[in-house]
Structures are given as C-alpha cells and as structure tokens.
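Colleague: Below are the chains, spelled out letter by letter.
2 protein chains.
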Amino acid sequence: MGRTSDAREKILSVAQALIEVRGYSSLGVAEICKAAGVPKGSFYYFFESKEALGLAVIDRHWEDQRRDWTAILQSDAEPLQRLRKLFEATEAAQLAGQQTCGTVSGCLFGNLTLELSNQAEPIRKRLQEIFDEQVDLVELVVADARARGEVTVADDRGAARSVVAQLEGQVLFAKLFNDPQRLEALWTNCLALLGAKVPEQTGG
Amino acid sequence: MGRTSDAREKILSVAQALIEVRGYSSLGVAEICKAAGVPKGSFYYFFESKEALGLAVIDRHWEDQRRDWTAILQSDAEPLQRLRKLFEATEAAQLAGQQTCGTVSGCLFGNLTLELSNQAEPIRKRLQEIFDEQVDLVELVVADARARGEVTVADDRGAARSVVAQLEGQVLFAKLFNDPQRLEALWTNCLALLGAKVPEQTGG
Numbered sequence: 001m002g003r004t005s006d007a008r009e010k011i012l013s014v015a016q017a018l019i020e021v022r023g024y025s026s027l028g029v030a031e032i033c034k035a036a037g038v039p040k041g042s043f044y045y046f047f048e049s050k051e052a053l054g055l056a057v058i059d060r061h062w063e064d065q066r067r068d069w070t071a072i073l074q075s076d077a078e079p080l081q082r083l084r085k086l087f088e089a090t091e092a093a094q095l096a097g098q099q100t101c102g103t104v105s106g107c108l109f110g111n112l113t114l115e116l117s118n119q120a121e122p123i124r125k126r127l128q129e130i131f132d133e134q135v136d137l138v139e140l141v142v143a144d145a146r147a148r149g150e151v152t153v154a155d156d157r158g159a160a161r162s163v164v165a166q167l168e169g170q171v172l173f174a175k176l177f178n179d180p181q182r183l184e185a186l187w188t189n190c191l192a193l194l195g196a197k198v199p200e201q202t203g204g
Numbered sequence: 001m002g003r004t005s006d007a008r009e010k011i012l013s014v015a016q017a018l019i020e021v022r023g024y025s026s027l028g029v030a031e032i033c034k035a036a037g038v039p040k041g042s043f044y045y046f047f048e049s050k051e052a053l054g055l056a057v058i059d060r061h062w063e064d065q066r067r068d069w070t071a072i073l074q075s076d077a078e079p080l081q082r083l084r085k086l087f088e089a090t091e092a093a094q095l096a097g098q099q100t101c102g103t104v105s106g107c108l109f110g111n112l113t114l115e116l117s118n119q120a121e122p123i124r125k126r127l128q129e130i131f132d133e134q135v136d137l138v139e140l141v142v143a144d145a146r147a148r149g150e151v152t153v154a155d156d157r158g159a160a161r162s163v164v165a166q167l168e169g170q171v172l173f174a175k176l177f178n179d180p181q182r183l184e185a186l187w188t189n190c191l192a193l194l195g196a197k198v199p200e201q202t203g204g
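Protein sequence lines, in the order shown, are assigned to chains H and A. Residues in the first sequence are numbered consecutively from 1, following the UniProt record's numbering. Residues in the second sequence are numbered consecutively from 1, following the UniProt record's numbering.
A hint or two may mislead.
Given that identical chains are not distinguished, each listed pair holds provided it fits within a single copy or across any two copies.
Think about it this way: if two alpha-carbon atoms lie no more than 25 Å apart in a straight line, the pair counts; the simulated SDA-like pairs of lysine to any residue are [said to hold, decoys possible]:
hint	residue 1	residue 2
1	10	156
2	40	25
3	125	178
4	85	42
5	34	59
6	10	78
7	40	129
8	125	62
9	40	26
10	125	68
11	34	74
12	50	22
13	85	154
14	125	56
15	85	179
16	50	177
17	125	185
18	34	49
19	40	102
20	125	184
21	10	101
22	125	99
23	125	103
24	125	191
25	125	95
26	125	26
It is worth saying that the hints were derived from the structure and are not from the lab.
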C-alpha cells in the first residue's frame, strides 16, 4: 500500500514539474512514466487518462495554494496588509522557482488556462472553480477593507476580480521577462485598483 | 511568383488559426501542411523550421495589431478616451473570434507567452519586444493624460505596464469563462490604475 501510494505521488510530482516547464499538450504518458520510474500499467491503475492526471495535478496544486492563500488572507492582520503579504508570497514563490529551474514558471493555473482551456472542458471547468475561489478569498478581504473605510470600491467582487486579473497579468510578464521583481508592482497596482490610499511616491 | 506567395500566406493563416485553437506545442508541420493544402517541400521552402513559422505568425499578427493599436492610441481623441477605445476594440475582437470559433481564443501573444516562453528563446525575445512596444504605445497616452492633469501617476511606464498587465489578465478570464463581456471591466480598472477620475458609480 505504501508503495502504490508512492507511485501515485511520484507520477503527480513529475507531471507537475514537467507541465510547469513544458506545458501539458506536448507531454505523453510514456514520457511521464519514464521520468517517474513507474511502469505504464501503474499509471493506468491510478489515472484513467492523461486528462485525469492533469486534473489531479491541478487539484493537488490548488490544495497547497488554497491552504497558503487562506492562511494569509484570513489572518488577523489588517485587510490591505493581508493582500500585500499575498503578493510578497507570490513573488517569493516565483523567485524560488526561478532559483530551482533557472526560469520563472509562472502560475500553473494561468498557464493551463491559456494553453488548453479551449480544448478540454473538464479542465476549463476546474480552472473556473479555482479562479472563482481565489476571487472569493480576495473579495472577503476587500469587504473587510471597505467596512473599515480603507478602500472606495462599490463592487467588492468586481474589485477582487481585477486584483486577481492584475496578479495573473503581472505573473505573465514575470515569466516572459524571467524577472520575479516584476511582481513588486502588485502592491501599488492593488491599492490603485481598490481606490485605497496610494503610497506617497505614486501620489499625484 | 503569385502562387508561391499564396502558399506562404496560406501556411501562415492556417498556422495562426490552428495555434489559436490548439496552441503551438502539439502542432506538427505535416498537419499544418495538410490543413493548408500545401506539400511539405513548399513549407521548407518558405520556413526553415516550425519555430521560424511560429515567429512569422507572431510578426504577422503584431503587424496587424500594431496598426490597429497605433491608429487608436495616436488618434486625435482625448487621451483617456483613446484607452477606452482600445478596450472596446479588444472586446469586439474577442467577441468576433467567439462568434467565428465558438470560443474566446484570447491574446495570441499572451497564449504563447504562457505556453512556451520558457522553451524557445527566440520566441521569448520576440514576445518581449512586442509587449514592450505595447507598453510604449500606452505610455505615450499616459504621459499625455498626465500633462493634462487627468491622471495622477508618478511613473508613466509602470502605469502603462499595469494597464497592459490588466488587459492580459482580464483577457485570460474572458478566455477561461468564454465570456468577452469580462473585458467591460477594463475601462474602470484602467481609470483606477491611472488614478484618474473614476465614473460616479464606482466612486467612494
């Protein structure tokens, strides 16, 4: 039992690493099995298809990331400081990825959205749910900040979406320019999007 | 001569359509030739590799898009209205794509950035240049708006980057949710990012 769980875990880890470097479409099951050191028969014991594996990789990554996002965004810190902490954690994660792989790999969910949301409806649906959950988490913080009079948005959900969209857009640039420091702009961007008090250096 | 130019154009059009629907990595030269109705020998007469074709598709699309962006962003309209027009044109283009293909295909440059910027340095470099040119075009408008006292940013380039990042992030959501109307938020987002006067309905 220990051994079969190991094999599943190994396939998932290897698949996630390969997807982060190479994308999903060009990967084959045989290649994944070879890299994981697992026979092809075992693969189909755990996953009925490559798409099932893709969904499991997505779920596993979101399980980890949701735990991190929840800890940060539902902490006792002041609302805007929780968002700041989220951006700092995002930059740190992209920097760590760059130090391991040599390149910024970006957001797994954003990568898969642009690569294949139009080709695999089950994957599109799962990614929609994940981004909606991200927006839910940010929306609660925006509502807290608004209740304290710290931001001036009228539409908490629209504002939360714009913050997550900004995050995805800046992560795209961090990946393209292989430069995690691009993410340093997120804090100022977020304050502006929320109509919060903007730090003095960018004030008019 | 007319016929060979036709063949090159046919390969480019078919390749762009296939990349928009399926991405780049999983496409093969044989498949592109078959869809274009062109023998494989002709392909290699025009393009020395699949990557050379990818670069040509990118260049051709940017040639068209740069013409549109330049016409809009360097028009005689007031600066912020030029940006508004850019977002409306983006939404209209994604809607037209959806009506043709059934799904929002997103931004070719954003798609290719997340799919393969870490795998093909010449493509990464070309995409960097294109996004820098987009930021250049937006930056000029931000500077105009600032000179007129309509926005309060201190860093025109940083602000222009945040606008283009927001565009990419919201196009990502428009693609994921197959909903071009997601792009309607761009105008309000942009006013907020630039510290412009926000329309009354979102004011504090």
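Colleague: Is it within, between, both or neither when you check residue 40 against residue 102 at 25 Å Cα-Cα?
Modeller: neither (30 Å within a copy, 36 Å between copies)
Colleague: Given identical chains, is residue 125 near residue 68, meaning Cα to Cα at most 25 Å, within a copy, between copies, both, or neither?
Modeller: within (22 Å within a copy, 33 Å between copies)
Colleague: Taking 25 Å as the upper bound on the Cα-Cα distance, should residue 40 and residue 26 be classified as within, between, both, or neither?
Modeller: both (18 Å within a copy, 22 Å between copies)
Colleague: How would you classify residue 40 and residue 129 at a CA-CA limit of 25 Å: within, between, both, or neither?
Modeller: Neither. Shortest intra-copy (31 Å) and inter-copy (43 Å) distances fail the 25 Å Cα cut-off.
Colleague: Between copies, within a copy, both or neither: which fits residue 125 and residue 178 at Cα up to 25 Å?
Modeller: This pair counts as between: shortest inter-copy Cα distance 11 Å, intra-copy 29 Å.
Colleague: Within a copy, between copies, both or neither: where do residue 125 and residue 185 come within 25 Å Cα-Cα?
Modeller: Between copies, since 22 Å is at most 25 Å while 30 Å is not.
Colleague: Is it within, between, both or neither when you check residue 125 against residue 99 at 25 Å Cα-Cα?
Modeller: between (32 Å within a copy, 21 Å between copies)
Colleague: Which holds for residue 34 with residue 74 at a C-alpha limit of 25 Å: within a copy, between copies, both or neither?
Modeller: Classified as neither; 41 Å inside a copy, 54 Å across copies.
Colleague: Tell me, please, which holds for residue 50 and residue 22 at an alpha-carbon limit of 25 Å: within, between, both or neither?
Modeller: Answer is both; intra-copy 15 Å and inter-copy 17 Å each pass.
Colleague: Which holds for residue 125 with residue 184 at a C-alpha limit of 25 Å: within a copy, between copies, both or neither?
Modeller: between (31 Å within a copy, 22 Å between copies)
Colleague: At most 25 Å between alpha carbons: which applies to residue 10 and residue 78, within, between, both or neither?
Modeller: Result: close neither inside a copy nor across copies, 40 Å intra and 57 Å inter.
Colleague: For residue 85 vs residue 179, is the C-alpha pair at or below 25 Å within one copy, between two copies, both, or neither?
Modeller: within (19 Å within a copy, 31 Å between copies)
In summary, the numbered hints that this structure violates are 1, 4, 6, 7, 11, 19, 24.
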